[in-house]
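> Sequences are here, hints too, so could you generate the full structure?
Going down the list, the sequences are from chains X and L.
Read in our numbering, the first sequence has 542 at position 542, and its numbers run on one by one without any break.
Read in our numbering, the second sequence has 277 at position 277, and its numbers run on one by one without any break.
Just so you know, these hints were derived from the structure itself, not from any lab.
Watch out, some of these pointers could steer you wrong.
Derived pair list, reagent style PhoX-like, types lysine-lysine, alpha-carbon separation capped at 20 Å [unchecked claim]:
id, chain 1, residue 1, chain 2, residue 2
1, L, Lys306, L, Lys148
2, X, Lys422, X, Lys449
3, X, Lys25, L, Lys288
4, L, Lys306, X, Lys422
5, X, Lys86, X, Lys148
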Amino acid sequence: MNILASYNWLASSHAHDLTLEEFAKRHTAAGNSVERVRDLAAELKHVVVGFVEAVEKHPNADKLRVARVNIGTAVVQIVCGGANLKAKQRVAVALPGASVRWHGEGEPVELRETEIRGMKSHGMICAAVELGFDLLPQGPHDIWDITKVTKAEPGTPLADALGVADFILDIEVTSNRPDCMGVVGQAREAFAAMGGKFRWKPKPLKEEPGAPALKVRVDAPELCPKYEAVLMEGVKVGPSPWWLQKRLMLAGHKPVNNVVDVTNYVLLELGHPLHAFDADALAGGEVVVRRAKAGEKMKTLDGQERELTPDMLVIADTERPAAVAGVMGGEATGTTERTTRVLLESAAFEPVQVRRTARALNLQTDASLLFEKGLSVQATSAALARAVELIRKVAGGRVASAPFRFEAKPYQAPVFPFDPQKSSALMGVELPAKEQAAFLKRLGFTLAKNGKAYDVTVPYWRDHDIEDGRDFVEEIARLYGYANIPSVLPVGEESPAAPIPALHWERCAKDILRGMGFTEIYGLSFVSAKELERAGVAPETAVRIANPLSVEQEYMRPALVPGLLGVVEANQRRFPHADLFELAPVYRPGGEQLPDERLRLTLACVGTDGRSGFLRAKGALERLMRELGVRPWRLERLASGTDDARWHRTRSAAVWAGEHDHVGMVGQVGEEMARAFGLEQPVFLVDLDFEALVPRCSSALSYRPLPAFPESKRDLAVLVDAKTSYGPVAHALRDASGLLEDVELFDVYQGAGVPEGKKSLAMHLTFRTHDRTLSSEEVEAELAKLRKMLETGFGAILRA
Amino acid sequence: MQSQFEQLVREAEAAVSAARDAAALEAVRVDVLGRKGRLAELMRHMAALPEDQRRAAGRAANEAKQRLDAAFARAERETAERDRAAREEREWVDVTEPGAWPAEGHLHPVSTAIAEISDLFARIGFVRARAPEIDGDWYAFESLNMPKDHPARDDWETFFIGETPGQRAHGTKGKLVLTPHTSNVQVRELEKGVLPVRLVHIGRTYRRQSDISHTPMFHQFEGLMVDRDLSVAHLKGVLEFFAKRYFGAERGIRLRPHHFRFTEPSFEIDITCDVCQGGSLGPCRLCKSGWLELGGAGMVHPNVLKAAGLDPETHTGFAFGWGVERTLMMRAGIKIDDIRTLYRSDLRFVSQF
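Take a look at the structure:
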């Protein structure tokens, strides 16, 4: 929450001799963060009071007129379109150099002397909205007629003439301190933080001896711990005087009529919302504070028909609800120009009920926002008395009833123990008990010595936010100043906690993939039912959010594939060739337990088809496994009967780590899924259960001595059936020779020179043994053995 | 004899300078310095000279040899230089063509920020912890001193898990929620009873908001230290360490009193705005009077310690929780002004990092 506090208004409750800058700094340091300061005199620079001496028609435009305006130093000619412009008016004249917002819209623009349709105009006669007073009720084409507002001489700066040479402080108020939503609360804080004089004192209500009692009944004391009301008669409802309108507008409130304005003024001053009823509109002349009945309806002040439920508290007359308690009054019982008898209400309502009601009705008001924070039951009397005082002043009338007062239970100010020594220890700075006590006293707490400690009584305006003795430490620390507390890096024992492997390897994997040229994708954790279905996942098997923001974000994603394919699709026109990855948690239902959250790693290689596409993805997988130190691992071709539409059946394989752990898949996105996601490029995926891989990751290194004897290299090329897999061939070669150190496939060829249905495999073979140099005869003999083995074992035909 | 040597040197020098290339030079060298060359020839004649003349002739021969060697060496250098110049002229490349890049990968800026944050806290002994993103409301709220009717627990603020055949919406630790902060790590770690605790937890968090400065999913990092005798001064020390290292020593920092349920005292940490230089460049759209809010912090509330089974009389602690994205966006120079940009997965965005 924020309050727009007039600096002049603050000064009427708190006297000090600080500069504005110093004030703002110290107020902020104590926790009342002054976020912005608006300087009205600066905004209204070069805007002066003008006296309209004569108005003539504009020779070249129907809707414009030409005014001769006395601006003190001269009489000037100004072209003006104001519908209400008249001679003998006092108006606000923006002279060249002033900043105005054209028709109240956009950024302020600096005025220059100009010519409008052939007539010179020395400045501009402004509408209120053009000078930042948007809230003043005015006709759409009217200029601001200030004849009644000020008697100032022409040429007087407007800010002085209107009494708005002021600063507006935009101050943040934390949710636990609704008492700071009033100017008096702010002044109280300022006094505590920076000294000076705090001048505000509550005044009692001036009662009329012998006035009749009010008929009020509180039927739901659990939702209304305090209710006060008083009746005023002979009230004359009309527009408020300027001083009142001005304060409301500068604080962001729209003036309505003098009675409503007074309730808002008290709200701004004391932070306590009030409500004014037209007493003659209350049926039966009675007020009942009760829960709404099921299906009960009322029209609120904003003209909306509201349906109420028994969870909601209403202020009713004998027939129907007259207000949603603490939220908004009813249209039928509000004050109007015809009102003469006003019933003023000052109450405290149970905060949770107010919040839920406001939310359920989708109707947040200044009042509801305050009541839902929790207001003291002790704040009501002063607010009511102040409102009565002000209404008498601006609308006349007299108190016509005995004040009604209901209290659910007698008030007891909270008392908590306070130990200055512990407080010092927690702040990390040695502060004498007396000094600490003095800070608390300045905030309005009363202290009674109790041994070395104190019993502290909480003032009523703090009875919600102070919950126990610990809370006093903050009060002292913020007044002492956090800037004065030393900054110390903690020493002490090292944390005994062991690093978490998954977090370590997560980061390693990301760095490795980045190094391999992959680009990281960071998706939201949500997924829609539609996306799940496209990816072949039944939505019922995913974790569902009960209150999602939209159907697009209804489920927690159980896989990264749908999101990643969505990214591929969205980028495919600009990036037809891309390597992407995402490493993030996925979520699976956990039955009675918490959902299972596991890190998953998915790679997408976009834009290469066929064998090359597969090898690109597989190469990435191989490199990743090597760098993560995962050994052993292997691929297994999908069983021929596999019916999984997500994968291309003959270009995909399962990834196994160790002997028994199926940790993922590598392969091409199946045709059906590719179509469902609108993919225009071939996409190969690597999809891994990263969490299962983590225990197998290793940075352990071991050194193998460099060979003492040279190797012998031979090339071998054979023709085999096109569907013979290379893996078993290499495996058989290694098995067949104890001298074969390495096999490297360097060419696979089909085409001219190779018979239909066959392919050529060309391999580099490396022979070596650890204890001697192999002779050429030995190597040839070994090679012959291997050729033979390939002929018999794989039906291979040797090539030259 | 001396004059003969003198003449040989002169003629040889002339021939050397006339030689146009390496081959011509070599021919001259063989002719003059070769085994059967003119110098050798002259020296053979020296043997026939009388003793007294022979010595003078020997000196002349040596001198001639040195001068010839020097002449040839110089000529060879010059020839080599000419050859190199010619070769390199033929081998000209255009150095303004774009380079051929090794494959270039990109980490998402949030990943990088998480790594940097982890590293900074690791330097002062904060070990990374992990906590569920979907957790019971006991850990997410109740144990953090946020009672049942706290506004954050309303279902327009926080995401709740729906009941499905595979997933109960209510666990042993209360209703399941998408954690709106990383603070559920606090009681989870503390109740393990292994002290002192000095941890940082960085994770995904969820709130029902979406606008220019909010995405329904975002990241927070949470620091927690619980030990004996910890004070606000220590918290200040840790926060200043982080802020100065991450944002730069030239940025100003302040602690401003604030309110959070799970800390007492509580405050916000502000850092000077780099766009308006802490307000010195006049009104700024981004910040509030020269200051940007970094995040919240405070001393762990006694009720939180109690909820974890610790005695607030013997142990104290501090905690802080900040948005990773916000922290990242507030770094000087990065200029990301809409948080949603981070999660639109436009490769033109990610490729810039």
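> State for each hint whether it applies.
Checked hints:
no.	hint	verdict
1	L/Lys306 to L/Lys148	holds (17 Å)
2	X/Lys422 to X/Lys449	holds (16 Å)
3	X/Lys25 to L/Lys288	holds (12 Å)
4	L/Lys306 to X/Lys422	holds (17 Å)
5	X/Lys86 to X/Lys148	holds (14 Å)
In terms of the numbered hints stated before, the structure departs from none.
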